[in-house]
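I would like the entire structure built from these sequences, with the hints used as guidance.
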Amino acid sequence: MHRCLSVPEVFGNITEEIAVDEDACEFGDPSPWHTLANLAQTCRMLSESALNSLWRVQSSLLPLLWTMPADLWTEDDDGILRIRRPIQPTDWSRFHNYASRVHHFSPNHGPVEILDRYPGPECLQALASAKPLDVVSFCPHVRTLDWPLLGEPSEESFLCMPLFMSAATTTLTLPLGGLGPVGLSFAQTIICKFPNIRCLMIKGNTDDITRMEALSGLFSYGQGLREVHMTTGPLSRLVAEHLAGLDHLKKLSVTVDHHISSTKTTGFHALVCLCLSSSTCQWMSFAVRMLTSPPLENVQLHIRGSVPVPGELADTFEAMKLHCSHSNLRNLSAVSLYERPESPSAIDQTTIQPLLAFSNLSVLELRFKNVPFRMGNQIVREMATSWPRLRVLVLGSYNTGGWFLSSEITPSGLVPLLRLPCLTMLSISINASAVDVTEDVTAPEPTEVNTKLRYLNLQDSIIDDATRVAAFLSKFTPNLKTITSWDNQTPQNAGISSRLAKEYETRWEEVARLVPVFAAVREEERARGAASLTT
5 MHRCLSVPEV FGNITEEIAV DEDACEFGDP SPWHTLANLA QTCRMLSESA
55 LNSLWRVQSS LLPLLWTMPA DLWTEDDDGI LRIRRPIQPT DWSRFHNYAS
105 RVHHFSPNHG PVEILDRYPG PECLQALASA KPLDVVSFCP HVRTLDWPLL
155 GEPSEESFLC MPLFMSAATT TLTLPLGGLG PVGLSFAQTI ICKFPNIRCL
205 MIKGNTDDIT RMEALSGLFS YGQGLREVHM TTGPLSRLVA EHLAGLDHLK
255 KLSVTVDHHI SSTKTTGFHA LVCLCLSSST CQWMSFAVRM LTSPPLENVQ
305 LHIRGSVPVP GELADTFEAM KLHCSHSNLR NLSAVSLYER PESPSAIDQT
355 TIQPLLAFSN LSVLELRFKN VPFRMGNQIV REMATSWPRL RVLVLGSYNT
405 GGWFLSSEIT PSGLVPLLRL PCLTMLSISI NASAVDVTED VTAPEPTEVN
455 TKLRYLNLQD SIIDDATRVA AFLSKFTPNL KTITSWDNQT PQNAGISSRL
505 AKEYETRWEE VARLVPVFAA VREEERARGA ASLTT
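Position in the sequence shown (from 1) plus 4 gives the number in my numbering.
Treat the hints with care, since some could be wrong.
[Claimed, not checked] Using 30 Å as the maximum straight-line C-alpha spacing, the simulated DSBU-like pairs for lysine-lysine come out as follows:
id : residue 1 : residue 2
1  : K255      : K373
2  : K485      : K456
3  : K255      : K325
4  : K197      : K135
5  : K255      : K197
6  : K373      : K506
7  : K506      : K479
8  : K207      : K479
9  : K373      : K485
10 : K506      : K485
11 : K207      : K135
12 : K207      : K197
13 : K255      : K207
14 : K506      : K456
15 : K456      : K373
16 : K325      : K373
[Stated by the list, open to error] Listed next, with one range per pair, are the computed distances between beta-carbon atoms:
id : residue 1 : residue 2 : range
17 : E21       : D440      : 50 to 58 Å
18 : T486      : E21       : 28 to 36 Å
19 : E20       : K197      : 52 to 60 Å
20 : R48       : T486      : 26 to 34 Å
21 : N483      : N332      : 29 to 37 Å
Calculated from the structure, these hints are not laboratory results. By construction, the Cβ of each residue, glycine as well, lies at the ideal position given by its N, Cα and C atoms.
The structure is reproduced here in structure tokens:
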């Protein structure tokens, strides 16, 4: 039997539903925060619940400080709050009432968005000095704290951060930039003092040795961590060793820009999600070799400031094949938006080959700006056979350049992909100058018809006979509605005129228009055939 909700729980659910409805508001409608404020002021039964929902998520400390007497603070021309007089015991009464309702200090949410306005360090130090003796934390229920969002980037402000944390804090964003020896020493002990932290995000430059040592000390206490996200510069070998030894670490996002492999690592055994950012695939492959068959489900590779070298990308995928569980990987994306003036080497089937070992792959995105791909029918058949659960396949950047007219995939080669029942997104380039498909191949069984695919991106695909191609596609993807192709950059990469590119684009648009027509006719013929058999 299900437990009945108490009256306060019902009221809490009502006000939380109002709070989360912010994105659903029509223009001109009152915001959910306005609605909650009205409830708090006019409805006695919902007042407490409405206040809890109003204060649950904050993106600044200023609303809390504004609950104290107005003559306590002044704001300078830079938006920094300064203290005007000493804090008295009577100044705290409203502050504690509202501070206990805050559960999250996080960006882009809450009734008040206050950008680039902070309490100055002396304000926070005054709060710390005047804190009542019976108060351990100003916000005893806070779970999420994004400190760079709340305070000036200074060591004095940073040392006051624990006053806004509690035993309930599980997610912390920690700034290391601008900290001196005292702040860095304090940062090393933060997880020791708050052992319930599970998700740690670290911001700020850590290129120098003292910051690297601080990070190493920090992670030496981090056995309880589940997530680590670092936007702090290249990962050092020592920090990598500490991270590799965290038994419960499931999500990791780091930058690797040099050789970090080590024989001392224990292998990231619990890792489920990995995001690597680097200037080259070579460093990524070294990082992947530190893994020891973790149950990785999601891998994201971001290549900065260069285009991927096919050989290095293949080495990275080969390292994944050797060091990751073949049955767990579901999503893999590799992205580079860098545009090199000289023509880069083409990515071909040898690059993709190692990934065929991951039998449960459902999303593969290789989004590289203006990088040629050269693949044929055989590798497409192998992909379709190896990845029966494939939902999304993006090979090339679908709005920045195409395959440089290098595709050797024909309509018959596309058939194995179109037969995948889960496929909902396909971005690829083909050569449809001829429809090389016989009638027996184009008569799919009902189970081979993909009803989920409604959009195709065909990059720099060439086409001659729109009607024949539409008839072909309608048999496998009857619900296809939209086909896009030939963006502004594509003709130059393909070495053809803009006029011819526009003609190809128009033909693909005609295919998209005709597919539903052919599909409807075919459905009508099937219905008539079934009726005649019944008769």
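Quiz item: Checked against the structure, which of the hints given earlier come out wrong?
Solution: 8, 19 and 20
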